[in-house]
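Visitor: Chains L and S supply the protein sequences, listed in that same order. Its first residue numbered 1, the first sequence is counted upward by one per residue in this note's numbering. Its first residue numbered 268, the second sequence is counted upward by one per residue in this note's numbering.
If you're looking for bench data, these hints aren't it; they were derived computationally from the structure. Please read all numbers here as calculations on a predicted model, not as lab measurements. For each residue, glycine too, the CB sits at the ideal point set by N, CA and C. Be aware that a few hints might be false.
Quick list of the computed label-pair ranges, beta carbon to beta carbon [claimed, not checked]:
hint: 1; chain 1: S; residue 1: 399; chain 2: L; residue 2: 203; range: 44 to 52 Å
hint: 2; chain 1: L; residue 1: 112; chain 2: S; residue 2: 380; range: 26 to 34 Å
hint: 3; chain 1: L; residue 1: 200; chain 2: S; residue 2: 434; range: 55 to 63 Å
hint: 4; chain 1: L; residue 1: 244; chain 2: S; residue 2: 306; range: 36 to 44 Å
hint: 5; chain 1: L; residue 1: 198; chain 2: S; residue 2: 380; range: 45 to 53 Å
hint: 6; chain 1: L; residue 1: 13; chain 2: S; residue 2: 447; range: 37 to 45 Å
Far from chain L, some chain S residues (derived; all Cβ distances over 12 Å) [as the list claims (entries may be wrong)]:
hint: 7; residue: 298
hint: 8; residue: 326
hint: 9; residue: 368
hint: 10; residue: 383
hint: 11; residue: 396
hint: 12; residue: 435
hint: 13; residue: 438
hint: 14; residue: 538
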Amino acid sequence: MIAIIRSEWLKMRTTAVPWVMTGIALVINGLLILVYFVNHGSGGGGGGGGSSDVNTFGVPDYPHTTRQLRNLLGSGFTGYLLALLVGVLCITTEFRHKTVTTTLLVTPRRGQFVAGKLITSALLGAALAVIMLVATLVGGGLTLSAQGGSFADLLRQVPAVAPGMILVFALFAILGVGVGSLLTNQVAAIIVALGWFIIVESILVGLVNGAEKWVPTGAAIAASNLTRGMGSRFGLFNWWEGGLLILGYGLFFAVVGSLVLTRRDIT
Amino acid sequence: MPAAIEVRQLSKDFGSVRAVDDLSFEVVSGRVTGFLGPNGSGKTTTLRILLGLVSSSAGTATFGGRRYTELAHPARHVGAVLEAVSFHPSRRAEDHLKSVAIGAGIPIGRVDETLDLVGLGDVARRRVGKFSMGMRQRLQLATSLLGDPEILILDEPSNGLDPQGIQWLRTFIRHQASVGHAVLVSSHLLSEMEETVDDVVIVSHGRLVLQTTLAELAGQAGTRTGLRIRSPELPRLMPLLQAIPVAYRQVAQDTLVIDGATPEWFGPFAAQNQIVLYELVHERGSLEEVFLSLTHGFDAADPRGVGGQPAPAGYAPAGPGPSRMPGGGA
Numbered sequence: 001m002i003a004i005i006r007s008e009w010l011k012m013r014t015t016a017v018p019w020v021m022t023g024i025a026l027v028i029n030g031l032l033i034l035v036y037f038v039n040h041g042s043g044g045g046g047g048g049g050g051s052s053d054v055n056t057f058g059v060p061d062y063p064h065t066t067r068q069l070r071n072l073l074g075s076g077f078t079g080y081l082l083a084l085l086v087g088v089l090c091i092t093t094e095f096r097h098k099t100v101t102t103t104l105l106v107t108p109r110r111g112q113f114v115a116g117k118l119i120t121s122a123l124l125g126a127a128l129a130v131i132m133l134v135a136t137l138v139g140g141g142l143t144l145s146a147q148g149g150s151f152a153d154l155l156r157q158v159p160a161v162a163p164g165m166i167l168v169f170a171l172f173a174i175l176g177v178g179v180g181s182l183l184t185n186q187v188a189a190i191i192v193a194l195g196w197f198i199i200v201e202s203i204l205v206g207l208v209n210g211a212e213k214w215v216p217t218g219a220a221i222a223a224s225n226l227t228r229g230m231g232s233r234f235g236l237f238n239w240w241e242g243g244l245l246i247l248g249y250g251l252f253f254a255v256v257g258s259l260v261l262t263r264r265d266i267t
Numbered sequence: 268m269p270a271a272i273e274v275r276q277l278s279k280d281f282g283s284v285r286a287v288d289d290l291s292f293e294v295v296s297g298r299v300t301g302f303l304g305p306n307g308s309g310k311t312t313t314l315r316i317l318l319g320l321v322s323s324s325a326g327t328a329t330f331g332g333r334r335y336t337e338l339a340h341p342a343r344h345v346g347a348v349l350e351a352v353s354f355h356p357s358r359r360a361e362d363h364l365k366s367v368a369i370g371a372g373i374p375i376g377r378v379d380e381t382l383d384l385v386g387l388g389d390v391a392r393r394r395v396g397k398f399s400m401g402m403r404q405r406l407q408l409a410t411s412l413l414g415d416p417e418i419l420i421l422d423e424p425s426n427g428l429d430p431q432g433i434q435w436l437r438t439f440i441r442h443q444a445s446v447g448h449a450v451l452v453s454s455h456l457l458s459e460m461e462e463t464v465d466d467v468v469i470v471s472h473g474r475l476v477l478q479t480t481l482a483e484l485a486g487q488a489g490t491r492t493g494l495r496i497r498s499p500e501l502p503r504l505m506p507l508l509q510a511i512p513v514a515y516r517q518v519a520q521d522t523l524v525i526d527g528a529t530p531e532w533f534g535p536f537a538a539q540n541q542i543v544l545y546e547l548v549h550e551r552g553s554l555e556e557v558f559l560s561l562t563h564g565f566d567a568a569d570p571r572g573v574g575g576q577p578a579p580a581g582y583a584p585a586g587p588g589p590s591r592m593p594g595g596g597a
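All chains, please: the whole structure from these sequences, using the hints.
Guide: Shown next, in the form of structure tokens:
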């Protein structure tokens, strides 16, 4: 299995996918940090003049509470959708470029083929989370320091935020492979995966009472250990229940996908 | 010696279409076996079933008694070049081979060796998207050779190769057999394979027509005769031939070949029907003609079978049914 994963990683890194995804992730991350500080400044109550670090009530104008710092550190959390795409692309690219035949000649057992994709994508998803966390520590930390905040305080939130974020990214990459193994048409898989998270899920949450707890996004926020304003409002699962739920979704799609793939004729 | 490849009563249905029908044949080590049949006769499907890419509806296809998916390190025992296979356009040739080598547990050193072997050493660092069709074919061949397999399966391998490439491929295939490897190579042209193969497996409509040696097939060809006729009146002649009926092939706009016919029979026949002739040649059958008559004559779906009808004097039927191949080259 290690040989398969090394082979998969070589295949991934010799395509644009991981590099473009990392680039997009860093750009989005930078924008999200910016948005965070802008919102924080305007919502901070009066100050925001730029010259003063402390507003009229003596409360620091920069993120300083545990919750604020955690939310700053988790700015890149939305990037789990990129991890999802990494998973989708990891498997559908094989079908799009007709490389799947060669891959299956090396790894003829379809379950093993899908398992290799699952593990590789999960590792790439986790790596993406680490990259975004480091970028936030650098970008967010510098901005915070410039405003008079404490970088050490931000760093102290890493143990609370990083594991959940890395877990969610890895699990969403697994979910992506699962979707891609069922829908091997790349365009269809991307539309279905993103369409679900951008459109279908919000409709579902709006129509069905209590759905937010069960949809992947709700589970992801629960697993991330971040409040993101939602956790307190809706009774979401706790972090490990949320994590198990996403893992369940991912493995369900992956198992169904490999069963379907096992029966599929590669012509 | 046990067979390197064994296909036993293999069948495959795609929906209502039976692509492979109760097909059985063997491939032995140290020989090149030509897997021959017209396009759509089930060759590719059979090869893909062998390689575990397509499931069979019935029967087995095994390597030394084991299915491809049961082999511990399949890429080290069986190398395959298939049609409709491609590469990621932005991947370099050597990276493609490395990914296969790593996945199959083959030493990385083989990558450069096989690239040199197929003559792609100079473009190892080039992205495959920039490769010509012939270069892609060579890269596929390199991929199949990475694990130095003792069994090679090649599906129409000369597609896209230039004449030098085809000559190189022939030498290469002969070399593989000479070192004791088993080679199964498919083609829709026997002429292309005449100099390469030892054994032939001929299929048509998914069924086995004949498994024999090339030498035996050539012996058959020597005894076969045909009549080449050039005439401006083919539209009038063909219905007359169908009515008899006899087997013929239209090989050009104004030319057809009647299998097994003699000038002594056809001359009076043409005179009687007042057919203008430009040319009348009595020729000995070539291997290709035997192959064509075998594969087309086997067409059981052809409603105009000759069964039971007396053959005209001087006419020796070549196959069980008349066949036409409009526009087909000889």
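Visitor: Are all beta-carbon distances from residue 368/S to chain L longer than 12 Å?
Guide: violated (8 Å)
Visitor: Are all C-beta atoms of chain L more than 12 Å from that of residue 326/S?
Guide: For residue 326/S, whose nearest Cβ neighbour in chain L is about 16 Å away, the distance exceeds 12 Å, so it holds.
Visitor: Could you see if the CB distance from residue 112/L to residue 380/S stays within 26 to 34 Å?
Guide: With Cβ atoms ~27 Å apart, the hint holds.
Visitor: Can you tell me whether the CB distance of residue 200/L to residue 434/S sits inside 55 to 63 Å?
Guide: holds (59 Å)
Visitor: Please check whether residue 244/L and residue 306/S have a Cβ separation lying inside 36 to 44 Å.
Guide: violated (53 Å)
Visitor: Can you let me know if the beta-carbon spacing of residue 198/L and residue 380/S is within 45 to 53 Å?
Guide: holds (49 Å)
Visitor: Compute the least Cβ-Cβ separation between residue 298/S and chain L, then decide whether it is above 12 Å.
Guide: Per Cβ check, residue 298/S is outside 12 Å of chain L; nearest 23 Å; holds.
Visitor: Holds or violated: is the Cβ of residue 438/S farther than 12 Å from all Cβ atoms of chain L?
Guide: holds (25 Å)
Visitor: With d taken as the least Cβ-Cβ distance between residue 396/S and chain L, does d exceed 12 Å?
Guide: violated (10 Å)
Visitor: Are all beta-carbon distances from residue 435/S to chain L longer than 12 Å?
Guide: Non-interface label stands for residue 435/S: nearest chain L Cβ at 22 Å, farther than 12 Å.
Visitor: So is residue 383/S really clear of chain L, every C-beta pair being over 12 Å apart?
Guide: holds (20 Å)
Visitor: Are residue 399/S and residue 203/L spaced within 44 to 52 Å by their CB atoms?
Guide: Holds, at about 50 Å.
In this structure, the earlier hints numbered 4, 9, 11 are contradicted, and the remaining ones agree with it.
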